[in-house]
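Peer 1: Please take these sequences and the hints and turn them into a complete structure.
Chains as they are written, first to last, in full-length UniProt numbering: chain A, 1 to 320; chain B, 1 to 320.
Worth flagging that the hints you see were computed from the coordinates, not collected in a lab.
By construction, the Cβ of each residue, glycine as well, lies at the ideal position given by its N, Cα and C atoms.
It is possible that part of the hints are untrue.
[Stated by the list, open to error] Estimated spans, in silico, between C-beta atoms of each pair: (1) A:99 x B:285: 24 to 30 Å; (2) A:108 x B:106: 54 to 60 Å; (3) A:21 x B:99: 40 to 46 Å.
Number of protein chains: 2
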Amino acid sequence: MPYVIGVDVGGTKIAGAIVAAQGTTSPPCTVPTPSREGSEAVVSTLASLINQLRRDAERTGHTIDAVGIGSAGVIDSSRGVVVSATDSIRGWTGTQLTTEVTRRTGLQSTAINDVHAHALGESWLGAGSGADTVLFIGMGTGVGGGYVLQGQCLQGATFTAGHVGHYAAPLAYDHGVPLPCSCGGAGHVEAIASGPAILSAYQRLGGDIARDTRAVYRLAAQGDLLAAKALDRGAIAAGQAIGGLANIFDPHVVVVGGGLAGAGPLWWDAMEQAARTELLHPLAALPILPARLGETAAIRGAARRALELTTSTERHHVHS
Amino acid sequence: MPYVIGVDVGGTKIAGAIVAAQGTTSPPCTVPTPSREGSEAVVSTLASLINQLRRDAERTGHTIDAVGIGSAGVIDSSRGVVVSATDSIRGWTGTQLTTEVTRRTGLQSTAINDVHAHALGESWLGAGSGADTVLFIGMGTGVGGGYVLQGQCLQGATFTAGHVGHYAAPLAYDHGVPLPCSCGGAGHVEAIASGPAILSAYQRLGGDIARDTRAVYRLAAQGDLLAAKALDRGAIAAGQAIGGLANIFDPHVVVVGGGLAGAGPLWWDAMEQAARTELLHPLAALPILPARLGETAAIRGAARRALELTTSTERHHVHS
Numbered sequence: 001m002p003y004v005i006g007v008d009v010g011g012t013k014i015a016g017a018i019v020a021a022q023g024t025t026s027p028p029c030t031v032p033t034p035s036r037e038g039s040e041a042v043v044s045t046l047a048s049l050i051n052q053l054r055r056d057a058e059r060t061g062h063t064i065d066a067v068g069i070g071s072a073g074v075i076d077s078s079r080g081v082v083v084s085a086t087d088s089i090r091g092w093t094g095t096q097l098t099t100e101v102t103r104r105t106g107l108q109s110t111a112i113n114d115v116h117a118h119a120l121g122e123s124w125l126g127a128g129s130g131a132d133t134v135l136f137i138g139m140g141t142g143v144g145g146g147y148v149l150q151g152q153c154l155q156g157a158t159f160t161a162g163h164v165g166h167y168a169a170p171l172a173y174d175h176g177v178p179l180p181c182s183c184g185g186a187g188h189v190e191a192i193a194s195g196p197a198i199l200s201a202y203q204r205l206g207g208d209i210a211r212d213t214r215a216v217y218r219l220a221a222q223g224d225l226l227a228a229k230a231l232d233r234g235a236i237a238a239g240q241a242i243g244g245l246a247n248i249f250d251p252h253v254v255v256v257g258g259g260l261a262g263a264g265p266l267w268w269d270a271m272e273q274a275a276r277t278e279l280l281h282p283l284a285a286l287p288i289l290p291a292r293l294g295e296t297a298a299i300r301g302a303a304r305r306a307l308e309l310t311t312s313t314e315r316h317h318v319h320s
Numbered sequence: 001m002p003y004v005i006g007v008d009v010g011g012t013k014i015a016g017a018i019v020a021a022q023g024t025t026s027p028p029c030t031v032p033t034p035s036r037e038g039s040e041a042v043v044s045t046l047a048s049l050i051n052q053l054r055r056d057a058e059r060t061g062h063t064i065d066a067v068g069i070g071s072a073g074v075i076d077s078s079r080g081v082v083v084s085a086t087d088s089i090r091g092w093t094g095t096q097l098t099t100e101v102t103r104r105t106g107l108q109s110t111a112i113n114d115v116h117a118h119a120l121g122e123s124w125l126g127a128g129s130g131a132d133t134v135l136f137i138g139m140g141t142g143v144g145g146g147y148v149l150q151g152q153c154l155q156g157a158t159f160t161a162g163h164v165g166h167y168a169a170p171l172a173y174d175h176g177v178p179l180p181c182s183c184g185g186a187g188h189v190e191a192i193a194s195g196p197a198i199l200s201a202y203q204r205l206g207g208d209i210a211r212d213t214r215a216v217y218r219l220a221a222q223g224d225l226l227a228a229k230a231l232d233r234g235a236i237a238a239g240q241a242i243g244g245l246a247n248i249f250d251p252h253v254v255v256v257g258g259g260l261a262g263a264g265p266l267w268w269d270a271m272e273q274a275a276r277t278e279l280l281h282p283l284a285a286l287p288i289l290p291a292r293l294g295e296t297a298a299i300r301g302a303a304r305r306a307l308e309l310t311t312s313t314e315r316h317h318v319h320s
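Peer 2: The following block contains the structure:
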């Protein structure tokens with residue numbers, strides 16, 4: 001039975017685990033991402049983590065057959081290359097992710113965008129398990145998503161599919177002026193519904209107690225009106241987007257993950273109510289579920305693709 | 001070589017044509033839809049048109065192998081049943097479309113939503129021809145769409161996929177109040193960007209010369225400020241939606257059809273500029289093209305599915 005390694009490469013940390021064919025994982029190992037040191041240093045840290053996990057596996061008698069990588073940035077999943085990325089990892093654009101990992105570990109590897117990996121993980125083993133199609137929405141520092149059809153996450157013509165945060169949102173305006181968005185545009189869902197956007201909204205309203213989104217949530221739960229208003233606005237914007245997306249994709253299930261989805265009922269209930277208000281009649285029974293796998297979702301989703309690699313290789317061996 | 005009949009069933013007319021395997025069609029025949037007389041009368045009119053087209057084909061020595069139907073309403077394309085519909089055709093919900101057509105014509109048949117058929121037609125033989133994935137957006141009396149992947153239009157869990165008009169839109173507000181939408185909701189793209197919505201916006205602005213959307217367009221082209229403002233608002237709302245959808249689907253090409261797409265440069269240019277403003281950087285070169293097939297798009301898209309039926313039947317015969 002094949003064992004693989006799944007890794008999740010983000011701007012602040014790299015997490016990895018050993019994943020078995022049925023999806024069980026070892027407890028994840030985490031190391032800080034040397035983001036400021038550039039691509040070479042990050043790939044080197046990544047390869048060390050993989051080799052470490054591989055030795056752990058071998059100590060318990062398991063052979064590792066492949067590596068699956070979920071990574072920040074737009075990833076060409078057919079070639080394993082970082083097509084573009086923000087500066088959360090310096091010089092990440094252009095990194096030959098799978099080539100470099102294979103060169104340094106000797107293991108075949110495959111790479112995909114981290115949100116896509118997250119979507120694959122939740123649809124394989126999490127809240128979307130067993131559903132034919134899953135729309136995954138991640139609501140946290142950013143707003144992203146992935147549509148999973150027959151076990152594959154929609155990649156798009158330029159591997160950019162799933163950027164659900166960059167759609168015009170009625171609430172992403174301040175006194176008629178569209179709020180700036182991380183993409184360089186303005187007035188998008190992410191500009192009002194992400195965690196940082198909720199903190200900004202709180203500050204625009206004149207709030208000066210909370211220093212981060214968690215604190216805004218805590219204050220809102222304690223009855224602070226400014227915090228409650230900012231949180232509500234973000235949650236409603238998220239719900240409007242999720243409901244509208246459901247009308248477009250008509251998935252069997254919507255899975256909502258990311259920090260905000262796990263923040264508590266104050267956010268979730270406002271989001272779900274706003275989403276259900278948007279739904280067309282045939283979608284009335286649509287399940288909208290919180291993600292279940294937490295930080296192992298992207299690791300397992302990436303690992304799933306590595307497992308497919310081992311299967312297709314075996315199939316190839318049979319045929320050749 | 002197989003010949004099939006493609007039909008497009010709408011609330012005001014039924015159009016049909018003979019379609020050859022490579023997609024060439026006879027000139028379409030059109031009959032009024034007896035919408036007020038109910039489902040039975042509509043199916044009967046539909047069957048007569050099909051039998052007429054079949055006799056035409058036989059007169060020129062061609063045998064018809066199957067019928068492909070594109071129809072208004074949410075269509076269960078696996079069973080050929082109208083799952084739900086507006087009252088544009090009385091009693092249309094529940095109609096066993098393919099069963100009834102086959103019973104009355106003796107021909108095997110397949111049915112799909114008319115906008116999905118439109119998307120299939122344009123991606124097969126129109127502006128999306130040759131592209132791996134096509135996002136089709138229809139902008140007219142309503143706002144709808146279809147995403148075509150590997151020659152198949154995404155159906156969704158309840159056959160409702162592609163309802164791109166029912167997503168919250170920043171411009172679908174009048175003095176802070178969301179505009180009512182045809183779906184029963186409010187504040188959606190369709191409520192500001194459809195043809196009737198443009199006429200309503202013109203009237204809300206105080207315009208009282210134009211009696212239909214065409215007249216609004218004509219007035220706008222002549223420099224009428226109220227008409228220009230209403231048209232611009234609708235075109236920008238359409239463009240914001242189309243750009244946002246492109247960020248989500250990342251298709252190889254976007255095809256825009258429907259009455260507004262063919263209205264002229266005043267609408268198209270404002271729409272395209274608004275759409276391109278929304279696009280993420282990797283999508284900068286995305287082609288946004290006007291539909292090319294006009295009224296034969298849905299006929300040919302429906303016919304395409306009928307041709308697949310004949311192919312799969314042949315394959316079945318070979319195997320059994």
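Peer 1: Each hint: holds or not?
Peer 2: Structure-based check of all given hints:
{"no.": "1", "hint": "A:99 x B:285: 24 to 30 Å", "result": "holds (26 Å)"}
{"no.": "2", "hint": "A:108 x B:106: 54 to 60 Å", "result": "holds (55 Å)"}
{"no.": "3", "hint": "A:21 x B:99: 40 to 46 Å", "result": "holds (44 Å)"}
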